[in-house]
Amino acid sequence: MKFKSQKVAYYFFALSMILLLLQLTYGFIMAFAHMGFDGLHSIIPFNAATATHKNLLVVWLISGFMGAAYFIIPDESDNELYSVPLALIQFWSFAIVGVIAVAGFHMGWFEGRKFLEIPRPLDYLVAINVILFLANIVMTIYKGKRHTTTAMVLTAGLIFVAVLYLPGMVWFDNHTVDSFFRWWVVHLWVEGVWELVMGGILAYLLIKLTGVDREVIEKWLYVIVGLTFLSGILGTGHHYYYTGVPKYWLIIGGIFSSLEPLAFLGMTLFAVTMYKKGNKKHPNKLAIYWTLNSAIVSFLGAGLLGLAHTLPGVNLYTHGTLVTAMHGHLAFWGAYASIVLAVMSYAMPLLTGRKIYDNSIGHLAFWLANVGILGMTAAFAAAGVAQVYLQRIAGMDFMVVQNELHPHFFVLILAATVLSVGVILYVVNFYKFGLPNDEAIVKEEEFKALQTN
Amino acid sequence: MLSKSQAKLFFLGGTVFFLIIFLALTVDTLVNGVPKHTHSDQITDQVKLGRRLWDANNCMGCHTIMGEGAYYAPDLTKVYERRGPKYIKTVLNFPGGWQLHGRRMVQYNFTEQEKDGIVAFFKWVGNVDLNGFPPKPSLQSEQK
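For the protein sequence lines, the chains are A and B, in the order given.
Using numbering that gives the first Met the number 0, the letters of the first sequence map in sequence onto residues 0 to 452.
Using numbering that gives the first Met the number 0, the letters of the second sequence map in sequence onto residues 0 to 143.
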């Protein structure tokens with residue numbers, strides 16, 4: 000690393016790792032419950048497990064994004080972070096709010112809105128926390144010696160993430176209106192501004208790892224985030240189809256959400272082309288693997304599997320079934336989990352000075368995790384399609400159908416075990432890096448020689 | 000070939016253009032569409048109470064409503080029509096937690112007033128015009 004203050008990123012990355020392991024644990028609890036083994040029901044009922052599983056996902060990814068920003072922004076701005084103590088206060092308050100929220104779920108303290116289960120009083124704490132974070136990042140850029148497109152896109156993404164949290168904090172008496180604005184948060188996050196964050200991180204990693212000229216990479220970054228909003232904003236309509244809104248959302252949502260894969264396809268072509276154009280000399284092979292993985296799997300999971308059930312005629316039958324879970328798992332893995340794992344793989348050697356770039360544990364982690372998540376996607380797909388035919392087409396009772404799906408959940412658990420072994424190996428590597436070290440600070444850009452073609 | 004500033008223009012222009020359309024449609028939906036589709040004049044204090052309880056107990060953590068939520072327990076959009084108020088009220092406070100075909104529900108301790116609120120909420124949801132959701136099972140309708 001170039002600046003001492005970049006070390007702050009380590010805290011966020013470490014928190015991400017812990018929360019990811021916890022998220023997997025809750026996933027297993029839910030999968031076993033689906034098979035009829037709900038021994039934990041009295042302590043962790045299913046609704047507490049879902050809320051925990053989903054919110055841990057959101058929080059570990061956001062923690063990863065924050066860590067990424069604390070690492071990337073000083074580097075891009077060519078200046079120390081505005082305030083390290085502020086970043087530490089922000090970190091600890093973030094972690095504490097997270098712990099309270101998760102503990103609250105187990106005591107039945109919810110807001111009960113999918114993905115936004117954190118109760119309202121805690122929402123205010125989250126908001127204050129995020130303002131502290133953004134103030135630190137924006138001040139760093141403001142005082143910085145260099146203003147890059149990559150830093151701007153990343154920061155704009157993070158600011159919009161914060162702004163779009165607000166519509167989820169208003170109470171509406173009408174459930175339809177509540178759902179309408181809940182999607183402003185959830186959809187415009189994951190199919191909108193989170194892609195800005197992902198694009199920013201992706202561009203940074205490609206600049207560093209491939210040696211392709213910054214101007215070329217940043218130009219295509221604009222095109223990709225342009226495509227994201229072109230399709231994604233009106234694509235929100237695909238969540239509105241059956242929630243009590245006018246029929247035109249079926250047409251608008253159908254057309255524009257069908258275009259959403261274009262942004263992800265752009266991401267894939269962008270990353271693969273830049274990698275091919277690059278000099279392929281960078282020693283951090285693991286970071287390259289994860290970066291390309293994010294660009295490619297996001298197209299499969301978010302793009303293609305989203306397209307598979309986004310048209311109104313199909314969605315009428317798949318809406319509210321396990322088909323959605325199939326899409327959701329691979330989409331989050333590709334687009335967001337992988338980019339966070341990529342930026343950690345890139346940053347950790349620079350933070351700690353230990354050169355774990357290309358070891359066998361790292362490669363095994365990469366392949367096991369990906370094979371595992373693909374297996375899970377297949378299991379969800381089989382379960383979801385079976386559910387659609389039996390329940391929605393043949394008209395069988397929901398619970399009768401669910402009991403027929405046990406074999407698919409058995410496969411799901413096997414695949415999830417493979418994923419978990421992969422993730423655990425990733426965490427082992429993370430642990431082996433040790434703590435960030437001042438000796439890892441270098442004046443010159445690391446790998447400068449590699450960064451020109 | 001596309002220059003960086005043209006790419007930037009594409010991004011900013013496209014975003015603003017589609018954002019304006021989206022906001023205009025939002026206004027139309029909320030002003031003209033939602034009141035009609037959801038019969039918003041029928042949202043009584045009882046319905047509001049029911050929805051508060053629906054949220055506060057994270058019913059969406061197992062069930063779906065309007066197809067949204069978790070996929071562990073049945074969709075409740077049309078539960079009022081399917082089961083009726085008595086059945087719903089029995090399920091909520093069932094000693095030991097309602098259990099059908101192996102899956103257990105949390106046992107709640109709602110008051111009579113709260114149970115009426117939840118029933119009223121389901122009744123209201125059941126009447127919302129959902130553009131044809133949930134679909135009628137096509138095999139069944141052919142048989143009839």
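In short, the hints are calculated from the structure, not lab data.
A virtual CB, placed ideally from N, CA and C, is assigned to each residue, including glycine.
Just to be clear, a hint being listed does not mean it is correct.
Ranges between beta-carbon positions, derived for each pair [to be verified]:
{"id": "1", "chain 1": "A", "residue 1": "LYS279", "chain 2": "B", "residue 2": "LEU1", "range": "23 to 31 Å"}
{"id": "2", "chain 1": "B", "residue 1": "LYS3", "chain 2": "A", "residue 2": "ILE130", "range": "27 to 35 Å"}
{"id": "3", "chain 1": "B", "residue 1": "ASP27", "chain 2": "A", "residue 2": "ALA126", "range": "39 to 47 Å"}
{"id": "4", "chain 1": "B", "residue 1": "THR89", "chain 2": "A", "residue 2": "ALA126", "range": "40 to 48 Å"}
{"id": "5", "chain 1": "B", "residue 1": "PHE109", "chain 2": "A", "residue 2": "ASP357", "range": "54 to 62 Å"}
{"id": "6", "chain 1": "A", "residue 1": "LEU124", "chain 2": "B", "residue 2": "ARG82", "range": "20 to 28 Å"}
{"id": "7", "chain 1": "A", "residue 1": "VAL98", "chain 2": "B", "residue 2": "SER39", "range": "54 to 62 Å"}
{"id": "8", "chain 1": "A", "residue 1": "LYS431", "chain 2": "B", "residue 2": "GLY131", "range": "53 to 61 Å"}
{"id": "9", "chain 1": "B", "residue 1": "GLY131", "chain 2": "A", "residue 2": "ASP77", "range": "54 to 62 Å"}
{"id": "10", "chain 1": "B", "residue 1": "PRO84", "chain 2": "A", "residue 2": "ILE158", "range": "41 to 49 Å"}
{"id": "11", "chain 1": "B", "residue 1": "PHE93", "chain 2": "A", "residue 2": "GLY35", "range": "15 to 23 Å"}
{"id": "12", "chain 1": "B", "residue 1": "PRO34", "chain 2": "A", "residue 2": "HIS405", "range": "24 to 32 Å"}
{"id": "13", "chain 1": "B", "residue 1": "LEU1", "chain 2": "A", "residue 2": "MET151", "range": "12 to 20 Å"}
Results of checking the hints against the structure:
1. A:LYS279 to B:LEU1: 23 to 31 Å: holds, 26 Å
2. B:LYS3 to A:ILE130: 27 to 35 Å: holds, 32 Å
3. B:ASP27 to A:ALA126: 39 to 47 Å: Since the Cβ atoms of B:ASP27 and A:ALA126 sit about 30 Å apart, the hinted range of 39 to 47 Å is violated.
4. B:THR89 to A:ALA126: 40 to 48 Å: holds, 41 Å
5. B:PHE109 to A:ASP357: 54 to 62 Å: holds, 59 Å
6. A:LEU124 to B:ARG82: 20 to 28 Å: Violated, at about 40 Å.
7. A:VAL98 to B:SER39: 54 to 62 Å: violated, 39 Å
8. A:LYS431 to B:GLY131: 53 to 61 Å: This hint holds: roughly 55 Å between Cβ atoms.
9. B:GLY131 to A:ASP77: 54 to 62 Å: holds, 57 Å
10. B:PRO84 to A:ILE158: 41 to 49 Å: With Cβ atoms ~48 Å apart, the hint holds.
11. B:PHE93 to A:GLY35: 15 to 23 Å: holds, 19 Å
12. B:PRO34 to A:HIS405: 24 to 32 Å: violated, 44 Å
13. B:LEU1 to A:MET151: 12 to 20 Å: The hint (12 to 20 Å, Cβ to Cβ) holds, given that B:LEU1 and A:MET151 are roughly 19 Å apart.
Of the numbered hints listed earlier, those contradicted by the structure are 3, 6, 7, 12.
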